[in-house]
Amino acid sequence: MKVCKNCNLQIKNSNYCPLCGKCVDEQAKENQEERSFPVYAPTLIDNSESVWRILSKLSIWGIIVCMAINLFINKTISWSLYALFGLLYLHFVVFYSVYKKLSFANVITRIAVYTTFLILFLELYTQSWGWGMCYAIPFLWLALTITSAILMIAKGWVNFEMFKPTLTMTVMSAILLGFLFGFSETFWPILVTFFVCLSLVCFMFMFRFKRTVRSIQKEFRL
Amino acid sequence: MGSDLKESKIKKKQEAQQLKKQLKQQAKQREKELAKIHNIEMRALRENWYKLDNSAMIYPAIGSSHFNSVFRISAELKQNINPQVLQQTLEQTIKRFPIFNVSLANGLFWHYFQPLTQLPKIEEEYAYPCRPFVFNKNNPIFRVLYFKNKICFETFHSLTDGFGASQFFNCLIATYLKNIGIKITDNTDILSVNDKANEEEGEDAFRLYADKTMSRSRKEKKAYDVKEPVNPMSVLQIIKGTASVSKVKEVAKKYNATINEFLSAVYMLAMLKNKKKYKRNNNPIKLSVPVNLRRYFLSKTLKNFSAVFNLELPVDKENSTLEQIIEIVKQQSKQIDTEYLLKFISKNVKSETNFFVRIMPLAVKDFVLKLVYSFVGEVLFTSTISNLGVIKLPNEIEEQLLSYYVCIGATKVNRFNLAVISHGDTMEMCFSNRLKSTQIMKDFFSTLSSLGIDIIIESNF
Ligand SMILES: [Zn+2]
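In order, the protein sequence lines correspond to chains A and B. Position 179 (the first sequence) corresponds to 179 in our numbering; numbering is contiguous. Position 56 (the second sequence) corresponds to 56 in our numbering; numbering is contiguous.
Treat the hints with caution; some may be incorrect.
Claimed, not checked - Derived CB-CB ranges, DEER-like: (1) A:K210 x B:K227: 51 to 57 Å; (2) B:N292 x A:F104: 37 to 43 Å; (3) B:T117 x A:S128: 47 to 53 Å; (4) B:Q88 x A:I54: 57 to 63 Å; (5) B:K279 x A:I54: 41 to 47 Å; (6) A:A154 x B:L402: 52 to 58 Å; (7) B:N292 x A:V98: 52 to 58 Å; (8) B:K347 x A:K5: 48 to 54 Å; (9) A:A154 x B:L19: 41 to 47 Å.
What the hints assert, rightly or not - Listing some non-contacts, in silico: residues in chain A with all C-beta distances to chain B over 12 Å: (10) K57; (11) I73; (12) I150.
Hints were generated in silico from the structure; no laboratory data involved. C-beta atoms are modelled at their ideal positions from N, C-alpha and C, and glycine is treated no differently.
Work out the full structure: start from the sequences and follow the hints.
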């Protein structure tokens, strides 16, 4: 066994002391044969953390520069806020889904939730009340619910996790319906969406009762 | 006569052909039925799900794409690993531990485990230990690796703790050795691959022992933070020191301490040297010590069932000698009793059953947990020392082993940790280090060496 005189410790399977870096066997060439760990050089993926951090920093600085220019020229931060929200949307929906390899059901749920936030922001920020909550959001949910239902039924109920977006949109449309009922006269789109979602959930309960109950238990940890 | 013979021959031929057809049809029918049963089983498996235990819930929240809480158990055998046999062994073993063959899925409000329909595959080790897992519905949250004569089991901490992992790993090693023709007659200390999975192995023991009337205050001071240049999250240095258990015991006995108390004190002393040299902040040095709750509460669970206790070296006692530090550690260790642990369990379960926590959507819950953990979690201790104690293995397995050790990964804040495990008369102390400097590890091993304990060092760098 080689000994590091500097640390007074025995060194196994290496000609260098890993603690002080000193060579413990100057004559012998490093014998990689004995090593019980693979020899590995960090790749770009190993350093992707730094790449990711650089990209995040670049985005943050980009937004700050946008805001500064906006503030300097227009004395407001009006258009740079669009850039900020657009970037956040891109991050949470596109990058996150791709990076985490999310399932289709999770991607649809994400699109439903984050696009709703984006539309609400646009509606609030441009003070153009009506188009988002009354039309855009209900029709988006309706389209996503129908997509989930088709995917679930067409594959012979195999893809039952598509129940998750359907349930999410049923709950969200119930909340929006309750909200619009008191504040707006145009609530037929959300009413239609809510009934389609609800009928789908009822349909599942009628024809796939056990699996639906199990899915609800799973989602809510009951 | 001749035509009769011919006719009977033709008849027999036809009958034989018909029988063949029938058998073929029957076989096809059987195949179809089997496929149907298989599909139903697979579907049932997909629809089945397991809850994460109480302490498992924190790990998915605090993880990121570059880091998640992964730890590893490794064993080096006397002969090189046969990948085919290891794959076959893994397939046998995972059937004994169905709660391990799962992926981590996101519910609307909670994470849950989804049983996998396919069997896990072994991998050849090529990179650094404790690489993070990518969570999706097809990925198991453990991996079995091999390299030359070494088998490693790496797992995400939500799945199990050190005890559960060692039970799985010991069963895997024993089955592997049997499969390559080594006779193992004594099976008392390991779970047999031929036994059926016990329901108690999957229970959440935290919920079983939680007492609603008990609670624990969580006010603790921040710990000394070794802020030194680090390697990227995925680059992990392993520094393993091997010593004789009897020798360490003998030295610890001189100080009238247990092995755990002795090693904790030596570790604190090494960190103290770093603090005195660099004085990066004046918070006390704190050492997190995981406690296996199975020693205090009866449970057969293979899921997480451990608590943590933080040892602290007060700032005003930083001029202490090793002997004095051991005394401080001994005094503080006395606080670890059933009452303390019950309070720990109860407090954690209480937070989980809180109404507001329950109705929080998962994304918000994860965000809040991450925030809470960064303020009152890992900043409360400088490092971790995890002692899995003595692993009892049958003599036939012990004879085949060259080494058996654990490494517990390193986090963003706790950049170096120590895991200790003993088998036979061998004690393996394994540091996982993200710091570019190895001074603390050098001080730790040098102190042990200066006390007369022979140490053999090995590293992956
Ligand atoms: Zn050295």
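Next on the checklist: To test your reading of the hints: which numbers does this structure violate?
Outcome noted: 4, 5, 7
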